[in-house]
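So you can see what is in the structure, the chains are spelled out below.
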Amino acid sequence: MEIFLQQIINGLVQGSVYALVALGYTMVYGILGLINFAHGEIVMIGAMLAISSLTALLGIGTPPLLALPLSIGLAMLGCMALGYSIERIAYRPLRHAPRLAPLITAIGVSIVLQNLAMMIWGREYHSFPQLIANDPHNIGGAIINDIQIIIFVLALAIMAGLMLLVHRTRLGRAMRAVAENQHAAQLMGVDINRVISVTFMLGSALAAVAGMMISANYGLAHYYMGFLLGLKAFTAAVLGGIGNLRGAMLGGLLLGLIESLGAGYIGALSGGVFGSNYQDVFAFFVLIAVLVFRPSGLLGEKLAERA
Amino acid sequence: MKLNSKSKSLLVALAIGLLLIPFVTDTLLGRGWVRIVDFAMLYIMLALGLNIVVGFAGLLDLGYIAFFGVGAYCYALAGSPHLALAFPMIFPNGVHLSFWVILPLAALLAGGFGVLLGAPTLRLRGDYLAIVTLGFGEIIRIFLNNLNAPVNLTNGPQGISRIDPVSLADVRLSVTQEIFGISLPSVHLYFYLFLAFTVLVIFASQRLEKSRIGRAWMAIREDEVAASAMGINTRNLKLLAFAMGAMFGGASGALFAGFQGFVSPESFSLMESIMVLCMVVLGGMGNIAGVILGGVLLAVLPEVLRHSVVPLQQALFGKMIVDPESLRMLLFGGALIVMMLYRPAGLLPSRVRRRELDTDEVVETV
Numbered sequence: 000m001e002i003f004l005q006q007i008i009n010g011l012v013q014g015s016v017y018a019l020v021a022l023g024y025t026m027v028y029g030i031l032g033l034i035n036f037a038h039g040e041i042v043m044i045g046a047m048l049a050i051s052s053l054t055a056l057l058g059i060g061t062p063p064l065l066a067l068p069l070s071i072g073l074a075m076l077g078c079m080a081l082g083y084s085i086e087r088i089a090y091r092p093l094r095h096a097p098r099l100a101p102l103i104t105a106i107g108v109s110i111v112l113q114n115l116a117m118m119i120w121g122r123e124y125h126s127f128p129q130l131i132a133n134d135p136h137n138i139g140g141a142i143i144n145d146i147q148i149i150i151f152v153l154a155l156a157i158m159a160g161l162m163l164l165v166h167r168t169r170l171g172r173a174m175r176a177v178a179e180n181q182h183a184a185q186l187m188g189v190d191i192n193r194v195i196s197v198t199f200m201l202g203s204a205l206a207a208v209a210g211m212m213i214s215a216n217y218g219l220a221h222y223y224m225g226f227l228l229g230l231k232a233f234t235a236a237v238l239g240g241i242g243n244l245r246g247a248m249l250g251g252l253l254l255g256l257i258e259s260l261g262a263g264y265i266g267a268l269s270g271g272v273f274g275s276n277y278q279d280v281f282a283f284f285v286l287i288a289v290l291v292f293r294p295s296g297l298l299g300e301k302l303a304e305r306a
Numbered sequence: 000m001k002l003n004s005k006s007k008s009l010l011v012a013l014a015i016g017l018l019l020i021p022f023v024t025d026t027l028l029g030r031g032w033v034r035i036v037d038f039a040m041l042y043i044m045l046a047l048g049l050n051i052v053v054g055f056a057g058l059l060d061l062g063y064i065a066f067f068g069v070g071a072y073c074y075a076l077a078g079s080p081h082l083a084l085a086f087p088m089i090f091p092n093g094v095h096l097s098f099w100v101i102l103p104l105a106a107l108l109a110g111g112f113g114v115l116l117g118a119p120t121l122r123l124r125g126d127y128l129a130i131v132t133l134g135f136g137e138i139i140r141i142f143l144n145n146l147n148a149p150v151n152l153t154n155g156p157q158g159i160s161r162i163d164p165v166s167l168a169d170v171r172l173s174v175t176q177e178i179f180g181i182s183l184p185s186v187h188l189y190f191y192l193f194l195a196f197t198v199l200v201i202f203a204s205q206r207l208e209k210s211r212i213g214r215a216w217m218a219i220r221e222d223e224v225a226a227s228a229m230g231i232n233t234r235n236l237k238l239l240a241f242a243m244g245a246m247f248g249g250a251s252g253a254l255f256a257g258f259q260g261f262v263s264p265e266s267f268s269l270m271e272s273i274m275v276l277c278m279v280v281l282g283g284m285g286n287i288a289g290v291i292l293g294g295v296l297l298a299v300l301p302e303v304l305r306h307s308v309v310p311l312q313q314a315l316f317g318k319m320i321v322d323p324e325s326l327r328m329l330l331f332g333g334a335l336i337v338m339m340l341y342r343p344a345g346l347l348p349s350r351v352r353r354r355e356l357d358t359d360e361v362v363e364t365v
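As you go down the protein sequences, you meet chains A and W in turn.
Counting along the first sequence from 1, when you hit position 183 you're at 182 in numbering that gives the first Met the number 0, and nothing is skipped either side.
Counting along the second sequence from 1, when you hit position 289 you're at 288 in numbering that gives the first Met the number 0, and nothing is skipped either side.
With the rest of the complex left out, here is chain A:
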């Protein structure tokens, strides 16, 4: 029972990070119908920027409680600039090109970002500086530490904020209008290019926070972390129904739970044949299963359109 509870806690924490990343995929998809392959790399860059700026700020004697928000802000700004430029350079010129073209540039962008990050930050793991005591708390035999609590609460708060932004503000209304029908929105005076740019920047800002969270949770960041994370977050977005914001949140949390329960029990279920080193495989099977049985995802209304 303790193991079960522990895996639930781990799954929810991990899942809330997936949800933040999945939101980035789903927002861009909802508006442009494009899978932004480079999104996982933006998460990685966010994590790296956060760690670098945090280490630098602490190095010059900034108090931790000031350094933390500063570095989050820096990482978010950096990623927003990155997301904006990616859209401008690699996606906007191809908005009316056939499907294959933006997919291939997206792959190119992702490779370039990954290798740039490797040149800047090297191949080694970077450790996240310890800022708070990070006391473990005992809940019914399972352990949850301060960082995990902060991650979960912060992620929920950000998601609530995003929902408010999308459903209660003028900008949000414009975003929904563009997602619904680009041409009609344009005729109604919505500046499509601006809305798309803002969407990319919003998604990238969420990615930066998610990158920081994940490196704080594991204590590590690495130039290659974005690839698998991106793949899983995309799975979460598809699971919830791509293009649907609530779906991305639900899918993220669910995928986190599936993964951690799966990794916790696969050894016992398969009689020791498979171990937790297969953890990364679950997301993939979830993706295949969703595509086979419910391609529109849990909360998606219309069926995924054909190519």
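Each hint can be trusted.
Label-pair distances were calculated between CB atoms; the ranges are:
id, chain 1, residue 1, chain 2, residue 2, range
1, A, L153, W, E221, 43 to 49 Å
2, A, I119, W, V309, 18 to 24 Å
3, W, D322, A, G72, 28 to 34 Å
4, A, M118, W, V100, 42 to 48 Å
5, A, G160, W, V309, 46 to 52 Å
6, W, F86, A, P63, 56 to 62 Å
7, W, L315, A, I148, 47 to 53 Å
8, A, M118, W, A288, 30 to 36 Å
What the simulated footprint calls covered on chain A by chain W, stretch by stretch (three residues with Cβ under 8 Å from a Cβ of chain W suffice, anywhere in the stretch; the number is not a length):
id, segment
9, 79-93
10, 104-111
11, 221-234
12, 281-294
Please keep in mind that the hints were generated in silico from the structure rather than gathered at the bench.
A quick note: this is a predicted structure, and the numbers were derived from the prediction, not measured.
Just so it is clear, CB atoms sit at the ideal spot from N, CA and C, and this is done for glycine as well.
Based on the hints, put chain W in the right spot on chain A.
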């Protein structure tokens, strides 16, 4: 096929030129470069296989190297003492099948995986296929890395070594052979083997392109709805393209394993898939000559970089700032972006493909 005397003599000259490649390379650049040329041939085969999927049918496969890996491990298991470790009772000496048995086996196995993967995803839009194949490539690598327990099937990250070299009838390609008084070292022999297979793949691609199936693929690529309205069974044909590409990949993988004598999971990383994709995109999607050009350029590029970037940096800065490996990947990524933005049909575009990928014309028709 009727040839006039001019094109006949051109063909003979081309054949002689190709046959001389290993000797010329050997004398001018050294034995190591013949090996590199051999690998270039393998990459050309791979790129031509991927060209069927991406170029002809317009399906973006980002895990193509996984099929190459499946073929390579198939050869490694069916032609090495390794299985003696896992099943000493059944295979006391391992398995040592003939090359001619393993090759079709590897192709079929890879094709089977292709169908398995394509069936659920091909009825959805292309983006899903791209991401599922991306995941599949990674999953195959995870399995290859971890299937050394409980039964040691793949030997984990260490990989499988002591793989039987290719031998055709009784001629072993791993040792120097004398033919008509000319001594042919192993790398030369493999070159001729690969050349024969590459020619075969080129021939098959060309016939496929012009066939009913090939034309149907191109129709699907250009407008799936219109194609299916014309009575084309789009799902089955897409599946066929996918499986066929996978089979070419599997066969090249088997050749790779026999040539290298050693396979390990790290040869089948995502970066390799990207590199093969880059060959296809750079050369010109759907155009066989373009893909060959792309394959040659990109297979030789890392060696050129290794021999130029390192000394150049040493001379300029006195130390190495950018290692050639990451520079190579950076160039690949950059090439994908730049090609798509400015020359989407590739260096040597196919005529049909150019029409389709040209942004302006598409806008006009919208």
